[in-house]
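Based on these hints, arrange chain B on the given structure of chain A.
The chain contents come next:
There are 2 protein chains.
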Amino acid sequence: MTSHPDLRHGCRWQAYATDGRARTGVLHTAHGPMDTPAFMAVGTAGTVKAMTADAVRSTGTQTVLGNTYHLMLRPGADRIEALGGLHRFMDWPGPILTDSGGFQVMSLASLRKLDKDGVEFRSHIDGTRHRLTPAIAIGLQHQFDATITMQLDECTPFPADHDTARTSMELSLRWGTLSKEAYRPRPGYGLFGIVQGSTYPDLRAASAAGLRDTGFDGYAIGGLAVGEGQAAMLETLDLTVPLLPEDAPRYLMGVGTPDDLLESVRRGIDMFDCVMPTRAGRTARAFTTTGVRNLRNARFAADDRSLDPGCPCPGCTRHTRAYLHHLFRADEMLGPMLLTWHNLTYYQRLMQGMREAIQARQLDVFAAGVRAGWAAAEE
Amino acid sequence: MTSHPDLRHGCRWQAYATDGRARTGVLHTAHGPMDTPAFMAVGTAGTVKAMTADAVRSTGTQTVLGNTYHLMLRPGADRIEALGGLHRFMDWPGPILTDSGGFQVMSLASLRKLDKDGVEFRSHIDGTRHRLTPAIAIGLQHQFDATITMQLDECTPFPADHDTARTSMELSLRWGTLSKEAYRPRPGYGLFGIVQGSTYPDLRAASAAGLRDTGFDGYAIGGLAVGEGQAAMLETLDLTVPLLPEDAPRYLMGVGTPDDLLESVRRGIDMFDCVMPTRAGRTARAFTTTGVRNLRNARFAADDRSLDPGCPCPGCTRHTRAYLHHLFRADEMLGPMLLTWHNLTYYQRLMQGMREAIQARQLDVFAAGVRAGWAAAEE
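So the protein sequences, as listed, match chains A and B.
The working numbering numbers the first residue of the first sequence as 165 and each following residue consecutively.
The working numbering numbers the first residue of the second sequence as 165 and each following residue consecutively.
Chain A extracted, bound-state conformation (with noise of 0.2 Å):
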């Protein structure tokens, strides 16, 4: 640990260690630290689903992801404020990092109208008409008090052609400019720009160039985990990753699995989110050191071995896997409870072991060792 950070000018990303391109440090925050790489959990809703803050808490996350899109429907924002802002409203006193809203707009809303100053879409909800710019979609993130405020950007769909990426990239750059200019800067509170450019190298480097000449408090790579498959995710992190400032943190979007935030991190990636441990968690899969687990499978239904055996969670230090299958079987809340909790347990210690292995320079023999479990025949 060096000296304490000056935070006047935003949130500040500090290194402890790197390994070849992988580095560990940590991201001062106003709401505390955030120790990277990090694992971000998905609290969409104003909660982690099927988990308390104190459960969550527990699993180790340090930093819990809000959806703009969601909380402006409902409750919303003059809601959240009014309450004293999203820390308060869920219990999260910890760092709350908040996307823009554009993203599940494009997936979630109907009827958009996508212009160069925006976008226009009705609720899923309950139909009522919505507008967000890059001003609309930062002030709505200062009313939540976000600890990480995102930009607007279009997240482009895949496959897309050059021209197509090329125009949507460039309107991504120029929400991020005006993101900027309407984003109010906060002592340990931070603006974070999107890199796009589908998997275009060019578009990637001109993205990651605009986004530097603006001036972020991170950079977020975004528009990857959208059907181009790992190998051109990672081809992609190769020659982005480079372009980015060497001293801000950097955010892969919405990954992704564990062999991508092994593959991830040695490419120099900081910080992630995903509701993939959570997600998975409510449809009975497990991930564990030995693999991933389908909990409904009747072969567990007389299993009394624990779920993952050296995993602190409830779920694995109190139960057998087949009374997890039971709870599946029966469609009892606490199946889907208990397996949540243990998912993100599993991610935050394969972030913790990620941290520690760089602190080492031992991450590529932490990751073979990660990867030997999962291969690992079991029974």
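Hints are computed from structural coordinates only; laboratory data are not their basis.
Treat the hints with care, as some may be off.
Some but not every residue of chain A turned toward chain B, in silico, with C-beta under 7 Å [stated by the list, open to error]:
hint : residue
1    : 238
2    : 490
3    : 498
Calculated lysine to any residue pairs in the SDA-like style (CA-CA distance at most 20 Å, straight line) [claimed, not checked]:
hint : chain 1 : residue 1 : chain 2 : residue 2
4    : B       : 213       : B       : 447
5    : A       : 213       : B       : 447
6    : B       : 213       : A       : 493
7    : B       : 213       : A       : 448
8    : B       : 344       : B       : 289
9    : B       : 213       : A       : 218
10   : A       : 213       : B       : 478
11   : A       : 213       : B       : 295
From a predicted model like this one, the values you see are computed outputs, not experimental measurements.
Using N, Cα and C, we set each Cβ at its ideal position, and we do this for glycine too.
Structure of chain B alone, referenced to chain A:
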């Protein structure tokens, strides 16, 4: 506390104090104490719905109830026995009471056929054929390792004419004797008989006398809270409770509202179970010191107060009514989780209050205070 109880002949109830007919004491069992009057949380299928075992413990709950009908069908008694019994299966080392299965056969199963020896039925899950007799019901509960086993009985439907009620009561009485013959006593475990007889004083008296002749570790009062109304229920308690042994615990099955608990404790009841706090919690209804609230109600949308100030549960200490309202509006699992937690906490604090009030011989004063709270117009 008097001397250490001798559990060689079963669980044993020890009185601390009385206040009128109300009593407080402790039921010593092989799995620890149950302070009475006690409210047992319903854990139908091996889980108190929407709660981890730790969360249930944190509410002050000492005893959990399991439903033989559900457990025999899924995951099955052989499975639970092979996995070390229900205590290990559901991580509940404390006392567990199981019902006999008879009540839910009559309410849930299809193609029921009742004869003098037992009942045949088809599973509501997969249509498989099953049979319950007194000996089978006792054997299943033995396999579960239930701390307290209930005799097989027929819960007489309401209304029933005197002849029907007498025939039904006599069947239950005979099954009580057969249940006792099948039961294998173990130190700190117990078998309870069940008084039936609808709302007919002579039948209740005959049932109580017959059960006393057979001799049980505790006496339940069944066939109430089935539509007869609170006044008829309390009248039945008025005449039935004095016919039961002074030194054995008395259990009013399937009851009830907080007001039912106050009135029944006053009449000498020691144990209760009811789905009310847990089921209500899943449907946004909260029991509080100032009455029942439906958190879906729009008037809570901006209410930044604690649901029930002074309540130690996480929903009340960490969140606002507005947040709970939001969770139910957004169909988030955390709503049912937090409200179940709250309602069980409310029920257990009510029981704790009654136990202390009986010690102080102030039960009527306590009850008046509780009712004044419910009646207070808060808003």
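Against the structure, the hints:
no.	hint	verdict
1	238	holds (6 Å)
2	490	holds (5 Å)
3	498	holds (4 Å)
4	B:213 - B:447	holds (12 Å)
5	A:213 - B:447	holds (17 Å)
6	B:213 - A:493	holds (14 Å)
7	B:213 - A:448	holds (17 Å)
8	B:344 - B:289	violated (30 Å)
9	B:213 - A:218	holds (19 Å)
10	A:213 - B:478	holds (16 Å)
11	A:213 - B:295	violated (40 Å)
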